[in-house]
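> Protein chains in written order, with the working numbering: chain A, 1 to 638; chain B, 1 to 345.
Hints are computed from structural coordinates only; laboratory data are not their basis. Some clues are possibly wrong.
[What the hints assert, rightly or not] Some chain A residues flagged as far from chain B (calculated, every beta-carbon gap over 12 angstroms):
| # | residue |
| --- | --- |
| 1 | L9 |
| 2 | K54 |
| 3 | F94 |
| 4 | I212 |
| 5 | A379 |
| 6 | K387 |
| 7 | E412 |
| 8 | K456 |
| 9 | N467 |
| 10 | L517 |
| 11 | V520 |
| 12 | S595 |
[Stated by the list, open to error] Stretch-level coverage of chain B by chain A, calculated; a stretch enters the list once three of its residues show a Cβ under 8 angstroms from a Cβ in chain A:
| # | segment |
| --- | --- |
| 13 | 10-24 |
| 14 | 46-54 |
| 15 | 164-172 |
| 16 | 277-284 |
Backbone N, C-alpha and C define an ideal beta-carbon position, used for all residues, glycine too.
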Amino acid sequence: MGLVTRKNLFAIMGLCAMVGLLLLPIVMALPSPAIGEEAPAADAEKKEGDKVEKGRDVYYKTEGIVMGAPAPKTVDGPRDYPRYNFESRVLLWFANQQHLYYGSFVLAVPIFCMIIEFMGVVTKDKALAKRYDQLAYDFIKISLTAYSLTAVLGGILIFTFLTLYPAFFGYLSGIFRPVMHIYALMFVAESGTLYIYYYGWDKMKEGFLKWIHLSMSVVLNIIGTLLMFLANSWIGFMMSPAGVDEQGRFLGNIWHVIHTALWNPLNLHRILGNMAFGGGVVAAYAAYKFLASKTDEDRAHYDWMGYIAMALGVAFLIPLPFAGYWLMREVYAYRQQMGITLMGGLLAWLFIIQATMIGILFLSTNYYLWQAMGRMRGAEKYQRYIKYLVFLLACGYMVFITPHTMVMTPAELKAMGGQQHPVLGNYGVMSAKNGGINVIITTTVLSFVWYMRGNKVSTVSWAKFGNIFMGVFFACAYINIIGLAVYGYYIPANVRVGLSVPQVATTLSCLFFMFALNGVMMKGAKQMGPIEWGKISARSQYALIMLATAFTWMMGLMGYIRSSVRLFWHVNEIMRDNSPWAYTHTVGFAANMISFNVLFFWVSILFVFWLGSLAAKKAPVEAKAGVPGAVPQPAASH
Amino acid sequence: MKALMSLGALVGVLGLLLLGGMIFDVVPSNTVRLVEGYMPMQMLIEVGCYVAGFAGLSYMLSAMGMPMPRFWQGIGFWLFFMLYLKFRVYPPIPFSVRAMYGTVSMVAVFMWISASEEDWKKFKQPIMNVLDAQTGMNKMMRYLYLVLIPILVGGFSYNAMVPKSEEPVELRTVHPAPPASTKVHGKTYVLQTSQSPYRVNPEGKYDQEYSNANIVEQGMGRLMKPNANPWDDKNQGYLKYVKEGGEIFFQNCHFCHGDNLNGRGLHAFAFNPIPANFTDPGTIAQLQETFIFWRVSKGGIGLPNEGFPWASVMPPWEQHLTVDEIWKVILFEYWHTGYYPRTWD
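Pulled out of the complex, with its shape left as it was, chain A reads as follows (with noise of 0.2 angstroms):
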């Protein structure tokens, strides 16, 4: 008892340290804004007389005293721009893109760590909590070695702008600067938990312990939050400039500059936009092992982590959509020019491509679901339906990615009489895109209740009601998006904006009611079966590492058009990008360019799944228990 009672006191301790190392930086900060504001009014006070210069804030449009340097004006040469006898501005495409992916990664693993890990606290089975402890035990470990390969890859990001744009990393590191060393305070307090976290993971198996690991689990995720809150900052910042005046002189208040018209926005998406990428890898790591595996217990285990990691990414995606277009509006909000640019101009095609890989997500994720429902006794009675959930998705498919530019021949478009098809055309305006998406969406949930209610029966005496009334509102909810897409074409624009929000109201209704619906009518439901983990085709597999795959390449393709939309900015309009490579590239390059990342991506994510699967071997015996389809063990106790 006392042994457990100074684990328990060591355990709070060590959770107090992380919160404490949490609340470091933010103490530190604290005095910037003083700095930042009230030193220079009091500076000002005693040199009565002196003329203090004011600036404007280009964004919040505030007065401040002006307190950094302009804005550099580069020109080309070696002063500003030195260069290896190659494209400095793919170098730090490649550095940037890698470290991202891992970032990524390693920030989105430790939430699922820390879902499935509460999920195994809180359910009453021992054997499935053990199975669900064991599963947040493998991610946290695949994602281990993928965090000191992002801290390389930040350092060799960091040179790389160090010497190959001296200039202008001068420049944002002098804006940045508090919030630079509050990042790498950040950095070192994440370290820290996370190697807690991990090896503390035996030591803090049960009770009250349990609770406290799961606690430092959730500190962990607050400070990798926060951390990817800063980076977004900095990007923030350079496509829409605040708390600096038109020549780029900051003007002390470092939140404005951190609080940009697009930090917020960029912040959700990119948290949504990392956890369905965290899952499609970890989907993809199983989906790996498992057409690897020589046992039936190995691909049972494979095949249920497989399905967890998918349902997590997944989840995050269906909102990730609705994120990706609240940017977009900030960003049309925030200049014109720019959302043009993105959405029907100079990148229109490569948003082509970026809705020809969400399609792809979500076809991957449906057909992976009704292959999953044929390891399931009873789920035959959806498969002859599934052809029409084929129909919905194509043609949804078909009007999200068809292009409002279309790619032809000066003799196709004369035979086509104009710039515009006036059947297709439509199809390429917003109005029916969101039409198309919210019906992918809205078919996917469809997808997801067969698969859940796959091998039961409802034993609820208003079972018949309740299908009826399912079947009821989705056909109401296909009617409403698609009714609600065609009157988007008989109002003005803005309204027409607006007429997302119902629409996404109606896929997010289907979600939430339809999935809270079945969960009661399946409550105490008939088995027809069990599932039978490790059954699954092949092709399911497949449609695993597709999902991944198509993850990965949409990330770097979205992260290369919200970099390209500054077009010769380094800092839009406040700082020129005056070197050789300030234009954009053809969208076949940087699809190329694109494809490579990937690539490297997935060779170096397979050498680090290597190096984790060389560890598992050393793992003692009691680590590898409680996979899914062996006969369940009761929770070991220390």
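Using the hints provided, position chain B relative to the given structure of chain A.
Quick look at chain B alone, frame taken from chain A:
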């Protein structure tokens, strides 16, 4: 159920016959007209009817003891869809879009025929039979494929590589991003905040809701709203300006942009691409009024870098029209098409 399926089968057969007629040019593509304004939904509904028809046809064939093999169902549906896009939809769809749709439909067919293990086996069976070549017929087919596939691949490669006299594909940016501001007749207009001085209510204040209430009706016919006839001499304010804009339009713009503002004027087909079709929801309906002001003022030569390959012969109208005339002609274009300029609030 059987009656419903029979009806579906009938629809399927009729649809196939109709499409067959269109392919062999016996029946014109516009026998069943694609109605302007309803075309996009009409096309989706038509494809939906075909799907229902094929489901009915498949059911009936099975009921008659002549089930269609899954392999041919999959291949047949994909071929049908490609032919539908090629021969039914008019004007012709560019190849790039048909290729996109073709790929999506191929993926969709794959998802359908491999959704369950049983279906997937059925689909694979004919392919496996040819590969295994247990019968003389299959052996012959295998040899045939051995010869045909490389010839086809070679043919496609040759066709792709052979130099063509056709002009290359252009990835044209139809609506390039506008500048933040534009200078016309010595005055600078900020595109994000400028407003048309003629979009006003009877009190003379800028009022888009008022002008929106007086534009022609959307949909077929584009009828004028009651008491909103710009050619009524008693009009003052907004409707009077619309009329003045109309006069400017018919003196200067309609030769290219057409009487109906659909880009099919007298000289339209002398240009490639033909002038913008304002009745299309993808043109002025998508844009702020100030965007149009910028484009009309600066014309084709004023297109920014992003407007590559600058394929526009529109004159810079600031050299021929006053600022007021430009605003009025834009007012008329929105009034006539029944669209509203884009706003961001």
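> Now look at each hint and say whether the structure bears it out.
Hint by hint, here is what the structure shows:
no., hint, in the structure
1, L9, "holds, 56 angstroms"
2, K54, "holds, 24 angstroms"
3, F94, "holds, 25 angstroms"
4, I212, "holds, 46 angstroms"
5, A379, "violated, 9 angstroms"
6, K387, "violated, 5 angstroms"
7, E412, "violated, 4 angstroms"
8, K456, "holds, 19 angstroms"
9, N467, "holds, 18 angstroms"
10, L517, "holds, 25 angstroms"
11, V520, "holds, 28 angstroms"
12, S595, "holds, 18 angstroms"
13, 10-24, "violated (count 0)"
14, 46-54, "holds (count 3)"
15, 164-172, "holds (count 7)"
16, 277-284, "holds (count 5)"
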